[in-house]
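For this one, chain A is given, so just place chain B on it according to the hints.
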Amino acid sequence: MEMLIYLVISILLAVLPLVVRTERATNIIAALFFVVQAAGIGLILGFGLMDGVMLSIFRADTIAVVFHTLMTAVLGFVLVHSSSYLKAERISTRSYKAYYTLVMLLAVAITCVYYSDNVAMTWVFLEATTICSAGIIYHREFQQSLEATWKYIFVCSTGIAMAYLGILLLSTVAEHGSLDYASMSMAIVNGNPLYLKVAFLLIVVGYSCKMEIFPLYTVGVDANYAAPAPASAFISTALVNAGFVSIYRIYALYASAEVFEWARHVLILIGILSLAVGAMFLRRTNNYKRFLSYSTVENMGIVAIGMGIGGVALWAAVFHVICHTLVKSSMFFQVGIMRHIYDSYSINRIGNYMNINRVGAVGFILGTLVLLAFPPSPLFLSEVMIFSEIVANGSWWLLAAMLILMCVVIYAIWSRTLRLGYHSNQDELHLSAVNRRLSYSAAVLLVVAIILGMWQPDFLREAIDTIVNIG
Amino acid sequence: MVLSLIILYVLTLIYLSIAERFRNHTTILAIQGLLLFGIAMARLHAFHPVEMGFIIVETLIFKAIVIPAILMRVIQKTKINRIHSSSSQFGALVMSIVALVASCTITYYMADNRTDMIFFGVALYALLSGLILIVMRKRIFAHLVGFLVIENGVFLFSMAIGVELPILINLAIMLDILISILILGMFLRRMDDDIHTDETDALTSIKD
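So the sequence lines, in the order shown, correspond to chains A and B.
Those letters in the first sequence? Residues 1 to 471, per this note's numbering, in order.
Those letters in the second sequence? Residues 1 to 208, per this note's numbering, in order.
Since the hints were made in silico from the structure, they are not lab data.
Partial selection, computed: residues in chain B whose CB lies under 10 Å from chain A: (1) Tyr109; (2) Met110; (3) Glu151; (4) Glu164; (5) Pro166; (6) Ile169; (7) Asp176; (8) Leu188; (9) Ala202.
Even for Gly, the Cβ is constructed at its ideal location relative to N, Cα and C.
Next comes chain A alone, as it looks inside the complex:
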């Protein structure tokens, strides 16, 4: 019942901007929407609803609550930054309202993915995120956003159709048509190994368009490129996490299956290929938003490898996703502020940012260092844990491949960041757009990530322990 109330209120608030007249009213509704999300989490934690089944298809387990909390935190910043971003773009009130409606609907769809306790319903809500994202990607209404939107809907829909095929194969093990994860994890032991292998491949490949890993990562990169920067922050974190949670639930389901070892090898292969793609395109791209998107591909590749290795690396993979959410959203917000100063995302043309907006430049450079896993970055911790587990497993070839690829990534990211900070600028400047308050607010997420790198509170450790307890 609680979930139904939450969904009804959230959806009503999401569509309400379409009937109000002003941008101010839209902002108030967005603030209310944020409060409802926070209240929902508070209700689950404060009133003993943890692990309770809701509406037969949702369950408030630890992974759902952790990622819903993260999404809500990022959403608060997205709503604030979007307001400034859209005002600077001088868009019509109608577009402003439509944008907020779509972002809020996307948040509802993502929340449903997190809480979904049914293999088929996870698929349904993931497809719903495609529909909501499409409007956001097309929001700027230029030729490339149209192209990105078409590719996004088409590839996601086709990919997710493949994932549905995998779900159908997987559901052959279901007893009495019960598709909840707990029942299926017990029934999967008796599954046909060949069916289970094909199902895992199809589901992971289909969901890869959401988690932005190999092979369908391209549409996510294009989507981040075309969408407004604050929305890219949301797509590149909350939506990517929805892909991660969906794949993680399947992974946990397979833990009791005969083919689990094989599934882990598939994840390692996908992870290393994602890392390679990220390293290659981080060197090639000439656009800061695509640059950050390829960094997401690279980081999710590391997460897939962590899942494939298992043990301590699995703990590290979950921790990596949590911290990546904070760091990457912060960096997308900084890039959104940059866009209004330079009116461009071009890596080759813009520069001298340290003298133009020192707060923003420091935020971006610090973000880069955290992203590159320099201590006290939390990503340093997670990557060291993954490496130690790889060494313990004796997979030296994997360690060597990862280290080589990560050297390329460090060189590509660091050289481009220095270029932005200190090279001469070749584009026209709009200095009136410098907004230090926004730069400071974006840095808050980064500071939280750095604190997590130095000190992980007990509740977070326990939450991750519970999430990785899949045996």
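Chain B in isolation, oriented as in the chain A frame:
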């Protein structure tokens, strides 16, 4: 009865691989919707009003009427007529036959005793046919048709492995797909208006 419907379904897939006009593609999709309705009804073991109602909505209304109507409207608005003139029909037919043989072979090795081998093979052939359409054709509209062929293949596949999902979940899945197709149709028209193109070769402005 079911076998003859399945054979007809295979024939529609072969014809789809060589059809040139998009109106014919749309008609074939409507026929496939009708055939799927017949197959689903023939496989109903007993009279369940809710299940029957759902089959009618999903196949007869959704696949045989609504989707073809959306596609026809897109054809009228964009005035696209036929697949690219440089496309080889012979090559497409050969690919289609290869896909059919591959489907039979894979089915032979994959299907277990709980699976209906004929359904499994035809569903696989439908999936491969959809993918071939997407890969071999340059026009965006053909890609949309390929996606719908895949969706029909998935429907057949669910019958092949005898999975019966709850009606509510089926309904949610159907709505998701319908909205996706509506949005795809809308964006296809917008691309025709704004970029003046209906070919995938023109969609290369985003690159690194």
